[in-house]
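Enquirer: Now for the letters of each chain:
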Amino acid sequence: MTGGLLAGYGTFGYILGEFVYPARQQNRGWMFVCAVERLSPGEALDFTAPAGTKIVVARQGAGVAAEDFLALSSICPHLGCRVHWEAQGERFFCPCHNGAFDRSGSPVSGPPKAANQALMRFPLKVENGLLYLEAPLVSVACCPHESGPRNEGIA
Amino acid sequence: MGRIVAWLQERVPVSAEQLAELTNEPVPNHLKKWWFCLGGTPAYLFVVQIVTGILLALYYQPSPETAYESIRYITNEATFGWFLRSLHKWAATLMIAAVILHQMRVYFTAAYRRPRELNWMIGMCLLMATLLTGFTGYSLVFEQLSYWGATVAANISDAVPLVGRFAKQMLLGGDEYNARTLSRFYILHAAVLPTTIVLLVVCHIAQVRMHGVTEFPDPQEPPDRPRYFNFFPDHMLSELIIGLILMIVLCALATVLPATMGPKADPLTTPEVIKPEWFFYVSFRWLKLFSLSFAVISSGFIVGAMFVWPWIDRFLRWITGIEDISVYIGIVATFLLIGLTVWEAAVSH
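So the protein sequences, as listed, match chains S and Y. One point on numbering: in this note's numbering, the residue at position 62 of the first sequence is 62, and numbering is uninterrupted. One point on numbering: in this note's numbering, the residue at position 20 of the second sequence is 20, and numbering is uninterrupted.
Simulated from the structure, these hints should not be mistaken for laboratory data. One or more hints might be untrue.
The calculated label-pair distances, taken between Cβ atoms and stated as ranges, are [what the hints assert, rightly or not]:
no., chain 1, residue 1, chain 2, residue 2, range
1, Y, V327, S, A87, 49 to 55 Å
2, Y, A346, S, W30, 45 to 51 Å
3, Y, E65, S, W30, 27 to 33 Å
4, S, F32, Y, C203, 55 to 61 Å
5, S, F19, Y, S348, 40 to 46 Å
6, S, D102, Y, W35, 52 to 58 Å
7, S, D102, Y, I312, 56 to 62 Å
8, Y, S348, S, E43, 29 to 35 Å
9, Y, E65, S, L137, 36 to 42 Å
10, Y, L118, S, A87, 30 to 36 Å
Here are the simulated SDA-like cross-link-like pairs (lysine to any residue), alpha carbons at most 20 Å apart as the crow flies [said to hold, decoys possible]:
no., chain 1, residue 1, chain 2, residue 2
11, Y, K288, S, N116
12, Y, K264, S, T53
13, S, K113, Y, K264
14, Y, K288, S, A118
15, S, K113, Y, K288
16, Y, K168, S, K113
17, Y, K168, S, E18
Glycine included, C-beta positions come from ideal geometry on N, C-alpha and C.
Full structure from sequences and hints, please.
Expert: Right under this line is the structure:
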């Protein structure tokens, strides 16, 4: 009797739980950014993924391998707010809890510094002289936005 | 009329005397002081929230494409929409303040001590449910501050050890804020949490009825004077007067300081100055002062300690021999809460 009740209600509870728990989505993919020669060493450009994610792509070295480039997320690793580039202080700044990062995405102050959390780097690859990065494909909220102004002097 | 009453009494065989006996709980004299009537205030404001919430739900559409526009319609176009929305907002603010004050009153008068430990815990659950209702309601506006507030809150839950990731996914309906998140907030705000609050209030009142109201006899009161007065109609009248005053205050606040709307949520740009609702200023400042892990774990520890305070209080009294040790701790904690709140309110970052 007890076993039957537990099995019956347990199955029902399991179905309810599975329904409420969100299904996993495979929402990342490789995207073309630009030809390698488009960026000179020290230059950077803003890239907006289809999901609206803002990514700063910078060239750090003179080589043409993926390691010579850097793709930084604009999402603060502390609590998910968007950072923006402050040219005056030469830093990425998060207005939520005053986190700051240098041009390579390393934390320099605020809670991210205390927890040693750097800006996330997106995977990059170079194929036939073309630069690709792997980023979210599905829109997370609602409204697609155009790319923002170029971040002068980041790289 | 007599036939109707007779028909009704046959089907509901309860006499007026039995009804009076059921509701007429003896109320200790100290409840004649207004400070001790704070328990009824959040209940009254909760009713205001239910009524105004049902009316607002007639027009609100919980999806990222329509939420902001539907609130703009309520605020700017629906007849008396601005007034009802403002009443809802101000009643929420006052309800949260009233629950906090009620809990503080119970704390500082040590009314949580044996045998009322369970009722204290029910009160803590009510406080948490009220704060969550405030948070989810604010998120429904889908303006910049509420969107980023929800994002920050979800990521805070992500930092909770063991269950954090699961809680965040359940709250957002995915790994991050997505097109189905608002409907989750809406269901929580309009169905799950209000139902929870109603059930908790029923348990709370049942506990009060079982144990009676904690008595605080006035030493200057003449010994021959009755120690109790009637709930109905005497105390009921006090509560009704408080309700009337609250309604006047709410109407004045809604008219003088109506609910406004900030810019629509932009998931790609965090505003330069971001603040949560006032009741989360403490947590927000705490997060700025300490690393995420420490802030989350310490906050969880503090809330957990508050839940089991009746036992901590007993232990502290036993170990220190100071009867009012909890009062001193409470004074320090209150100054800390006020200090952090004022600090967060006073500065941009």
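Enquirer: All hints are to be evaluated individually against the structure, with a verdict given for each.
Expert: Quick rundown of the hints versus the structure:
1. Y:V327 x S:A87: 49 to 55 Å: Distance hint for Y:V327, S:A87 holds at roughly 53 Å.
2. Y:A346 x S:W30: 45 to 51 Å: Since Y:A346 and S:W30 have Cβ atoms about 48 Å apart, the given range 45 to 51 Å holds.
3. Y:E65 x S:W30: 27 to 33 Å: 29 Å, holds
4. S:F32 x Y:C203: 55 to 61 Å: Given range 55 to 61 Å: holds, Cβ gap about 60 Å.
5. S:F19 x Y:S348: 40 to 46 Å: 43 Å, holds
6. S:D102 x Y:W35: 52 to 58 Å: Holds - the Cβ-Cβ distance for S:D102 and Y:W35, about 54 Å, lies within 52 to 58 Å.
7. S:D102 x Y:I312: 56 to 62 Å: Because 45 Å falls outside the window, the suggested range is violated.
8. Y:S348 x S:E43: 29 to 35 Å: 33 Å, holds
9. Y:E65 x S:L137: 36 to 42 Å: 20 Å, violated
10. Y:L118 x S:A87: 30 to 36 Å: 59 Å, violated
11. Y:K288 x S:N116: 15 Å, holds
12. Y:K264 x S:T53: 18 Å, holds
13. S:K113 x Y:K264: Outside the cut-off at roughly 31 Å; violated.
14. Y:K288 x S:A118: The hint holds at about 17 Å.
15. S:K113 x Y:K288: Holds. S:K113 to Y:K288 sits at ~12 Å (cutoff 20 Å).
16. Y:K168 x S:K113: Violated, at about 24 Å.
17. Y:K168 x S:E18: 16 Å, holds
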